[in-house]
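Based on the provided sequences and hints, a complete structural model is requested.
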Amino acid sequence: MSNDIAFLAEFIDGAPTRGALELAAGAVALAGQSGGDAVALAYGPGAAAGAAGLGAHGAARAVVLSDAKAPAIAAAAALVGALRGDAPLALLAAATPNGRDLAAAAVGAMNLPAFGPVRSVRVVEGRVQSEQATLQGSVVTTSEPTDAAATPAVVLVLPNTFTPAEGGSGTASVSQPQPADIGRLVEPTIVESHETEAAAANLEEATVIVAGGRGVQSEAGFEPLRELAAVMGGAVGASRAAADAGWIPYQLQIGQTGKVVKPALYIGAGISGAIQHRVGMQTAEHVVAINRDPDAPIGEFADLFVVGDLFAIIPKLTEEIRRRKGA
Amino acid sequence: MKFVVCIKQVPATTAEKRYTSDLRLDRAAAESVINPLDEYAIEQALRLADAGSVDEVVYLSMGPDAASEALRRALAMGGDSAVLITDPALEGADEWATARVLAAALDRLAPDVALMGMASDDARGSLVPGAVAAMRGLPLLSYGAELSLADGAARIRRLTATGYDIVTAPLPLVASVTDQVGEPRYASLKGIMAAKRKPLETWSLADLGLQGEQLQGAALTRVVEARPPEAKPPTQRIENVSAEDAAAQVADWLAARKLI
Ligand SMILES: Cc1cc2nc3c(=O)[nH]c(=O)nc-3n(C[C@H](O)[C@H](O)[C@H](O)COP(=O)(O)OP(=O)(O)OC[C@H]3O[C@@H](n4cnc5c(N)ncnc54)[C@H](O)[C@@H]3O)c2cc1C
Ligand SMILES: Nc1ncnc2c1ncn2[C@@H]1O[C@H](COP(=O)(O)O)[C@@H](O)[C@H]1O
Numbered sequence: 001m002s003n004d005i006a007f008l009a010e011f012i013d014g015a016p017t018r019g020a021l022e023l024a025a026g027a028v029a030l031a032g033q034s035g036g037d038a039v040a041l042a043y044g045p046g047a048a049a050g051a052a053g054l055g056a057h058g059a060a061r062a063v064v065l066s067d068a069k070a071p072a073i074a075a076a077a078a079l080v081g082a083l084r085g086d087a088p089l090a091l092l093a094a095a096t097p098n099g100r101d102l103a104a105a106a107v108g109a110m111n112l113p114a115f116g117p118v119r120s121v122r123v124v125e126g127r128v129q130s131e132q133a134t135l136q137g138s139v140v141t142t143s144e145p146t147d148a149a150a151t152p153a154v155v156l157v158l159p160n161t162f163t164p165a166e167g168g169s170g171t172a173s174v175s176q177p178q179p180a181d182i183g184r185l186v187e188p189t190i191v192e193s194h195e196t197e198a199a200a201a202n203l204e205e206a207t208v209i210v211a212g213g214r215g216v217q218s219e220a221g222f223e224p225l226r227e228l229a230a231v232m233g234g235a236v237g238a239s240r241a242a243a244d245a246g247w248i249p250y251q252l253q254i255g256q257t258g259k260v261v262k263p264a265l266y267i268g269a270g271i272s273g274a275i276q277h278r279v280g281m282q283t284a285e286h287v288v289a290i291n292r293d294p295d296a297p298i299g300e301f302a303d304l305f306v307v308g309d310l311f312a313i314i315p316k317l318t319e320e321i322r323r324r325k326g327a
Numbered sequence: 328m329k330f331v332v333c334i335k336q337v338p339a340t341t342a343e344k345r346y347t348s349d350l351r352l353d354r355a356a357a358e359s360v361i362n363p364l365d366e367y368a369i370e371q372a373l374r375l376a377d378a379g380s381v382d383e384v385v386y387l388s389m390g391p392d393a394a395s396e397a398l399r400r401a402l403a404m405g406g407d408s409a410v411l412i413t414d415p416a417l418e419g420a421d422e423w424a425t426a427r428v429l430a431a432a433l434d435r436l437a438p439d440v441a442l443m444g445m446a447s448d449d450a451r452g453s454l455v456p457g458a459v460a461a462m463r464g465l466p467l468l469s470y471g472a473e474l475s476l477a478d479g480a481a482r483i484r485r486l487t488a489t490g491y492d493i494v495t496a497p498l499p500l501v502a503s504v505t506d507q508v509g510e511p512r513y514a515s516l517k518g519i520m521a522a523k524r525k526p527l528e529t530w531s532l533a534d535l536g537l538q539g540e541q542l543q544g545a546a547l548t549r550v551v552e553a554r555p556p557e558a559k560p561p562t563q564r565i566e567n568v569s570a571e572d573a574a575a576q577v578a579d580w581l582a583a584r585k586l587i
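Which chain is which? The protein sequence lines are E and B, in order. Numbering follows this note's numbering, with no gaps: position 111 of the first sequence is 111. Count along the second sequence from 1, add 327, and you get the number used in this note's numbering.
Be careful, since some hints might not be right.
[Stated by the list, open to error] Footprint (simulated), chain B over chain E, 3 or more residues, beta carbon under 8 angstroms:
#1 178–190
#2 245–258
#3 274–287
#4 298–308
No lab work stands behind these hints: they were computed from the structure. The structure presented is a predicted model; accordingly, all values stated were derived computationally and were not measured. Each residue gets a CB set at the ideal place from its N, CA and C atoms; glycine is no exception.
Next comes the structure, spelled out in structure tokens:
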């Protein structure tokens with residue numbers, strides 16, 4: 001066992017995802033507490049060429065698990081190979097479908113303790129301690145591995161938990177692992193890829209989100225929300241009701257079965273605030289709700305609740321912000 | 328073609344959660360339901376059975392005795408039989424231990440597809456399907472918006488950032504599906520009556536040949552502290568004003584927090 005902190009770094013089209021850079025920042029912080037190095041485990045298209053560059057984000061070493069467009073799980077044999085031997089203290093994985101698949105593979109193949117998605121994580125006297133909100137956020141627990149548990153501790157991390165470091169330099173030393181024999185787990189292949197959406201802004205990366213629900217009424221009803229998002233440099237999101245209605249792609253759905261987001265500001269318009277939606281946005285730093293029903297549940301947990309018609313208020317708000325920015 | 332659908336009994340999503348003095352969930356106090364996301368796995372299996380491509384649907388759950396209710400409810404929706412794994416040694420089981428037990432049971436049931444939901448409602452990590460696949464050395468098809476079968480393989484549609492992929496793997500395998508497979512059916516009165524006569528077996532850890540020490544006290548994790556969430560500051564309200572005034576007040580509020 002070492003004191004290193006490993007993190008899964010996903011690459012898409014030759015570049016690390018913002019999530020990978022967030023985890024790098026988290027791994028650097030934890031490695032400072034444990035007295036080890038941050039080690040990147042890079043996978044996805046472009047990982048081989050881009051791995052060394054993760055040094056600029058604090059990785060001392062980078063291991064390339066895969067380089068091709070393939071299901072994330074196909075990198076599991078390389079992941080287990082990389083983790084065996086001098087196992088790191090913790091493995092940070094993004095709480096996204098791909099991150100979870102690889103985290104789960106490590107848990108199952110190596111019998112590892114799993115945590116999260118965490119609100120925060122730290123190393124205290126060599127122990128990895130994770131804080132998580134469970135049961136729809138009704139209780140907050142701190143957990144750690146048992147004494148008998150093997151390392152690494154596998155920790156799922158939500159987007160925007162760590163802030164990527166800017167302007168670093170340096171290169172990570174790059175290596176390739178010996179894949180472990182873990183049976184047929186890695187057999188899935190992609191047989192078709194379909195592009196249906198114009199590359200929408202990645203919701204998980206947005207610091208401002210303007211989300212619309214059933215109250216938006218139509219595809220065209222999202223236009224004022226897009227304009228508001230645009231003046232604030234933000235992205236548009238939605239409730240499942242709006243996605244189910246076909247007004248907006250599922251990729252922009254927020255909630256239990258959509259994205260879990262953690263922006264600085266979330267503005268919900270025409271969204272009632274059902275528990276399944278709430279679990280996807282309740283960790284936003286600031287929540288503003290616009291709803292014409294004074295008793296809508298979202299009014300119980302928003303920081304600012306505006307009772308009124310979204311179609312009347314949103315264009316005025318956009319105008320007002322534009323005016324103040326111009327001044 | 329045999330499917331085993333793994334379902335978990337959980338406290339109802341909207342149930343008022345109550346805690347015992349040591350801040351453990353008082354499960355007896357909360358109304359219990361089939362994990363809502365597992366209903367989509369049930370629905371997917373039953374649709375394939377309705378279409379004639381699946382011959383046998385078995386439900387598998389690990390939980391307390393009372394979890395047999397969830398299995399009966401699933402049987403009322405359709406399917407053939409159910410297995411409950413229950414054992415006092417499993418209290419407090421974490422994701423790893425849950426996966427270990429389900430993997431052992433699935434080895435015995437030997438389905439072509441072990442089908443799961445995309446996550447447990449009580450905020451677990453969506454790790455059980457992948458961990459079970461890794462333990463059994465079988466392919467994982469996860470987060471399927473739809474699952475279909477053809478030529479000794481299964482395929483799923485899986486959303487990507489800008490569209491979707493079709494991912495396939497040869498049987499047998501482990502799969503999970505999302506809430507996009509279609510709305511779960513309701514149990515009919517006839518279904519509820521029929522469910523009472525469908526076989527429901529109970530297995531202990533000994534039946535599975537899993538010794539206590541192999542399960543490490545049912546967990547590789549321990550809770551060192553539990554506390555209620557921080558109280559949120561009260562909501563500020565803007566109401567009974569014109570749209571212009573509301574917009575100006577919202578802008579002031581945002582500016583005061585340096586959000587614009
Ligand atoms: C297993 C499961 C998973 C789910 N996962 C998710 C998920 O991931 N994300 C999610 O969002 N939901 C999810 N849901 C659905 C969730 O339960 C709610 O049904 C959904 O969030 C409701 O969407 P909504 O708030 O847009 O619609 P509604 O609940 O219908 O609310 C619409 C709101 O708009 C307001 N309104 C209408 N017109 C106006 C107007 N002109 N101006 C201002 N306000 C107006 C109304 O007052 C109302 O409050 C899930 C459900 C299940 C069972
Ligand atoms: N105790 C359990 N019994 C049966 N299936 C389970 C159990 N726990 C988890 N699962 C399955 O694993 C899926 C993912 O759960 P989780 O990893 O806990 O989020 C669920 O949707 C279920 O299909």
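Verification of the supplied hints:
1. Given a C-beta distance limit of less than 8 angstroms, the hint that chain B covers the segment 178–190 of chain E holds, as 9 residues qualify and 3 suffice.
2. Taking a C-beta to C-beta cut-off of 8 angstroms, the segment 245–258 of chain E contributes 4 residues in contact with chain B, enough for the three needed, and the coverage statement holds.
3. Residues of the segment 274–287 of chain E lying with their CB closer than 8 angstroms to a CB of chain B number 4, which satisfies the three-residue condition for coverage.
4. Proximity of the segment 298–308 of chain E to chain B, defined as three or more residues with a beta carbon under 8 angstroms from a beta carbon of that chain, is established by the 10 residues found.
When each numbered hint is compared with the structure, no violation occurs for any of them.
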